[in-house]
Amino acid sequence: MKARNFRYVRPTSLQDAFRILETSGGEAVPVAGGQSLLAGLNLRLSSPKVLVDIGNLAELTGQSQADGIVRLGALTRHRELLSSELVRKHLPLLARAATHIGHVAIRNRGTLGGSLAYADPAAELPACSVALGAVLVLGSLAGEREVKAEDFFKGLFETDLRPGELIVAVKFPVVQPDVSVGFAELSRRHGDFALVGLAGTATLRDDRIETARLVYFGCVDRPKVAHAVSAAVAGLATPLPDTSAFEQAIHEDLTPDDTPGLRADTKLHMATMLTRRVLNSLSGKAAA
Amino acid sequence: MSDTDLAGAEEVEIETVLNGKPLRRRVKARQHLADFLRQELELTGTHLGCEHGICGACTVLLDGRSVRGCLTLAAQVSGKTVDTIEGLTESGKLAVLQNEFIARNAAQCAFCSSGMLLTSYELVSSGERPTRAEIREFLSGNMCRCTGYHAIIDAVEAVIAKSADKQAKGRP
Numbered sequence: 000m001k002a003r004n005f006r007y008v009r010p011t012s013l014q015d016a017f018r019i020l021e022t023s024g025g026e027a028v029p030v031a032g033g034q035s036l037l038a039g040l041n042l043r044l045s046s047p048k049v050l051v052d053i054g055n056l057a058e059l060t061g062q063s064q065a066d067g068i069v070r071l072g073a074l075t076r077h078r079e080l081l082s083s084e085l086v087r088k089h090l091p092l093l094a095r096a097a098t099h100i101g102h103v104a105i106r107n108r109g110t111l112g113g114s115l116a117y118a119d120p121a122a123e124l125p126a127c128s129v130a131l132g133a134v135l136v137l138g139s140l141a142g143e144r145e146v147k148a149e150d151f152f153k154g155l156f157e158t159d160l161r162p163g164e165l166i167v168a169v170k171f172p173v174v175q176p177d178v179s180v181g182f183a184e185l186s187r188r189h190g191d192f193a194l195v196g197l198a199g200t201a202t203l204r205d206d207r208i209e210t211a212r213l214v215y216f217g218c219v220d221r222p223k224v225a226h227a228v229s230a231a232v233a234g235l236a237t238p239l240p241d242t243s244a245f246e247q248a249i250h251e252d253l254t255p256d257d258t259p260g261l262r263a264d265t266k267l268h269m270a271t272m273l274t275r276r277v278l279n280s281l282s283g284k285a286a287a
Numbered sequence: 000m001s002d003t004d005l006a007g008a009e010e011v012e013i014e015t016v017l018n019g020k021p022l023r024r025r026v027k028a029r030q031h032l033a034d035f036l037r038q039e040l041e042l043t044g045t046h047l048g049c050e051h052g053i054c055g056a057c058t059v060l061l062d063g064r065s066v067r068g069c070l071t072l073a074a075q076v077s078g079k080t081v082d083t084i085e086g087l088t089e090s091g092k093l094a095v096l097q098n099e100f101i102a103r104n105a106a107q108c109a110f111c112s113s114g115m116l117l118t119s120y121e122l123v124s125s126g127e128r129p130t131r132a133e134i135r136e137f138l139s140g141n142m143c144r145c146t147g148y149h150a151i152i153d154a155v156e157a158v159i160a161k162s163a164d165k166q167a168k169g170r171p
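Sequences listed follow chains A and B, in order. By numbering that gives the first Met the number 0, the letter at position 146 of the first sequence is numbered 145, and the numbering carries on one by one without gaps. By numbering that gives the first Met the number 0, the letter at position 83 of the second sequence is numbered 82, and the numbering carries on one by one without gaps.
Treat the hints with care, as some may be off.
Computed cross-link-like contacts, DSS-like style, restricted to lysine-lysine with a CA-CA straight-line distance of at most 25 angstroms [unchecked claim]:
{"no.": "1", "chain 1": "B", "residue 1": "Lys27", "chain 2": "A", "residue 2": "Lys48"}
{"no.": "2", "chain 1": "B", "residue 1": "Lys168", "chain 2": "A", "residue 2": "Lys1"}
{"no.": "3", "chain 1": "A", "residue 1": "Lys147", "chain 2": "A", "residue 2": "Lys88"}
In case anyone wonders, no lab produced these hints; they're calculated from the structure.
So here's chain A without its partners, still in its complex pose (with noise of 0.2 angstroms):
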């Protein structure tokens, strides 16, 4: 299908991207990568007035690295995730994530603050982000603000963005070299959406897990963390010979729906795998 018909405009500044918003009253929709956003359009799930398009602000690209936070701009390509060297020493979930992220070509033009406005349950970055333990930083006329990811996500497709706002870009803590991270979805054919997917960072002595902040995706409304999980992997040894210690926990944290095809005890069983799994690639290094 075709995309209803909207007006298109391209800001040259941020300052001009952030008047659009607030005059629009509500009726533009800023546009960066566009890949989940165009899909949405062309089946017509939903038709905003105006596009704004951000996709080639200066002001909203660029990676640094300072007082142990990586700060990614929010144009930053699932592509440059993967071959970023900041990426890949600090905060190797990102990396990891990103080669489940659709394909090539949606990896070129996908971005970091795209995959988290757009607040897809099933989307693995928004799922990192809470895991890492991200700050988002909101730009408006207003200035800026700072969100925590595990405040930003309020619900299906809904998040913490006022009218007017745009995320700038993405403040991770460098993840410190006795953390290993971990990450597994579970989809139907390699770079669908996840059915149920897991990111998680954890702290392991002699093959024990001494604390973990497990956050599951795509069988929640959104990313949050799984606390009871957590907390009740923390002091197990590893590798774990079954999946008697969290399970409990799961259906605590957990509370699927059933959906075409796919039933809720189904999403729990595999949840309940997929930890297992990946808290068992956690012991050595080498496997996170």
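Chain A is fixed; fit chain B onto it per the hints.
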């Protein structure tokens, strides 16, 4: 920008370099790149399958990298270079891949071929030496409903092996 500019427009002026030649046009805001190429410029080598980013038939190169023509607005390519199957065929840049596709019958109904060739071209011209598994992964966003995947991957693998051989022989 003036306040009237800020409201946006249903038609937008773009300046791009298409297949090596500068192009200046007014485009409809809602028209995606693949429709613009096919309907306005009659460059029908770029095919349209699903129109929501799944099938890869509409693949073109934007600043040298493969993108979905259906998930890119024509308005968004202003200031960038666009290469399509027509331009890369005419310039001969695709000849090695095309010959290998023909030799191995890797183009059956050929609906996916322009997308397959452009994605393959991005991989081949990266200068990397991917494994067969990596070639499969790289092409995984392009669907072939004749399911002729093996022949396609064989062809890309052969081209990469040949260019690596050439490089090795070129060295003293």
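Okay, the hints, checked on the actual structure:
no. : hint               : in the structure
1   : B:Lys27 / A:Lys48  : holds (14 angstroms)
2   : B:Lys168 / A:Lys1  : violated (51 angstroms)
3   : A:Lys147 / A:Lys88 : holds (22 angstroms)
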